[in-house]
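Colleague: Top line first, the protein sequences correspond to chains A and B.
Reminder that position 111 of the first sequence reads as 111 in the numbering used here, one-by-one numbering, no gaps.
To convert a position in the second sequence, counted from 1, into the numbering used here, add 196.
Derived from the structure by calculation, the hints contain no laboratory data.
Computed from a predicted model, the values in this text were never measured in an experiment.
A virtual CB, placed ideally from N, CA and C, is assigned to each residue, including glycine.
Accuracy of the hints is not assured; some may be wrong.
[What the hints assert, rightly or not] 25 angstroms max Cα-Cα, derived BS3-like pairs, lysine-lysine:
#, chain 1, residue 1, chain 2, residue 2
1, B, LYS234, A, LYS11
2, A, LYS162, A, LYS73
3, B, LYS268, A, LYS138
4, A, LYS16, B, LYS215
5, A, LYS92, B, LYS268
[Said to hold, decoys possible] Covered stretches of chain A, going by a simulated chain B footprint (3 or more residues, C-beta under 8 angstroms):
#, stretch
6, 73 to 79
7, 128 to 136
8, 145 to 155
9, 158 to 167
10, 171 to 178
Single-letter residue listing:
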Amino acid sequence: MSVKTDNMDEKKILKKLGRGDANALAELLDMYQDFVYTIARRMVKQKEAAEEITQDVFVKVYYKLHTFKKDSKFSTWLYTIVYRTCLNRLQKKSRLVNDSSLPDKDDGGPLYDEHAIESWRDDQDYDRREILWQAVDKLKMEQGLVITLYYLQQLSVKETAKVMSIPENTVKTHLARGRNNLKQILLNEYLQEDLI
Amino acid sequence: MSSHLEDFDFEQYVRRGKKGLSKIQYKHFIECNDCQTKMSKHRELNELLTELSPQKMSVSIYEELVSKLGLKPVKPKRDWYIISIIGLFLFIIISITFFSEPLSSKHSSYISELMPQSIQISWEKYSLEPLARAAKKMQGSLPGNEPLVLFIFALIVILVYYLFDSIIIKQRLKVKT
Chain A
1 MSVKTDNMDE KKILKKLGRG DANALAELLD MYQDFVYTIA RRMVKQKEAA EEITQDVFVK
61 VYYKLHTFKK DSKFSTWLYT IVYRTCLNRL QKKSRLVNDS SLPDKDDGGP LYDEHAIESW
121 RDDQDYDRRE ILWQAVDKLK MEQGLVITLY YLQQLSVKET AKVMSIPENT VKTHLARGRN
181 NLKQILLNEY LQEDLI
Chain B
197 MSSHLEDFDF EQYVRRGKKG LSKIQYKHFI ECNDCQTKMS KHRELNELLT ELSPQKMSVS
257 IYEELVSKLG LKPVKPKRDW YIISIIGLFL FIIISITFFS EPLSSKHSSY ISELMPQSIQ
317 ISWEKYSLEP LARAAKKMQG SLPGNEPLVL FIFALIVILV YYLFDSIIIK QRLKVKT
């Protein structure tokens, strides 16, 4: 299916969704659910949280659909919602941690579950894709997100900058550093055979 | 000699080819071994990154979303189905007419008249007799109960239609998990 046809289908789906058609929602989920989830995973680093965010995002999409400018790209608008929803959640989480009487465990490091990664490492069934995602998850959040938006979602630098509300040059910097760090992680932590 | 290419220049070259670089940059690139080595390393990582595919959710959120948003499933337009069903119905009617006609005694005698003698013998001996017998049997039941037969066929067609329709709708509503 060509990009033009995809866009036409997408427009039809959005129109139907605007009228409250549940089938249109199913089709939209079919198209974007996994992408939304993948971005959320990169940001919150937790499976369950990412699933909740994915659901929240589609609720927001439904209620804010009338604010979407039809001449712009739907995916860029959607990923902006994902990004902001994740940021809000991370900010709330960070506030909760600060307000808590428990010692602050957040040392600025990644929020991923290290035990899960250890057990994952022991699992011999993982494949190349999972290795890559695990490596991406070890990057700083912004770098991992830029890599995901740029390579997986195939957004341009301009679109990525729009989603993250940052200058294009910052995107380029994140992209360059992210790539270098990713290369180092892959070389240091994974055997060459894992990736071949 | 111009300065070496930067990371993003390599990226532009990988994505857009020669157009991704300015003339000066491209000239530098084809003359600079250092940049070419960096480019091949860049390509290696890029090839790896293009293998990234979206991760899948372990649960389906469709049902929950539908109830949360208070949406009601809307049946899709079925013009295509109706056309195909009418087509199927017509096909059955034509089939019945086509197959019942040659079996009638009136037509079998007409065919035998048209046939050469040698074929006629073998036709009558090996084909016509059993066929005629079968036709006679059918004549007893078919023409008399024609409306009943058509009614049964119509029922089957409607049943098949709903069966296919429900499967297709289920597939349409099925959301990737």
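Colleague: With reference to the structure, classify each hint as holding or not holding.
Modeller: Verification of the supplied hints:
Only pairs whose Cα atoms come within 25 angstroms are accepted, and LYS234 of chain B paired with LYS11 of chain A is rejected, the gap being roughly 42 angstroms. Of the supplied pair hints, the one linking LYS162 of chain A and LYS73 of chain A holds, its CA atoms being roughly 11 angstroms apart against a limit of 25 angstroms. A threshold of 25 angstroms between alpha carbons decides the hint, and for LYS268 of chain B with LYS138 of chain A the separation of about 42 angstroms lies outside it, so the pair is violated. At roughly 40 angstroms between alpha-carbon atoms, LYS16 of chain A and LYS215 of chain B are farther apart than 25 angstroms, so this suggested pair is violated.
For the proposed pair LYS92 of chain A and LYS268 of chain B, the alpha carbon gap of about 33 angstroms is over 25 angstroms, so the pair is violated. Under a criterion of three residues with beta carbons nearer than 8 angstroms to beta carbons of chain B, the stated coverage of the stretch 73 to 79 of chain A fails, only 0 such residues being counted. For the stretch 128 to 136 of chain A, the stated coverage by chain B is satisfied: 5 residues place a CB nearer than 8 angstroms to a CB of that chain, which reaches the threshold of 3. Against chain B, the stretch 145 to 155 of chain A contributes 4 residues with a C-beta closer than 8 angstroms to a partner C-beta. That satisfies the three-residue criterion, and the hint holds.
With 0 residues bearing a CB less than 8 angstroms from a CB of chain B, the stretch 158 to 167 of chain A misses the requirement of three and the coverage assertion fails. Counting residues of the stretch 171 to 178 of chain A whose CB lies closer than 8 angstroms to any CB of chain B gives 3, which reaches the minimum of 3, so the coverage claim holds.
The structure fails hints 1, 3, 4, 5, 6 and 9 (numbered hints given earlier, in ascending order).
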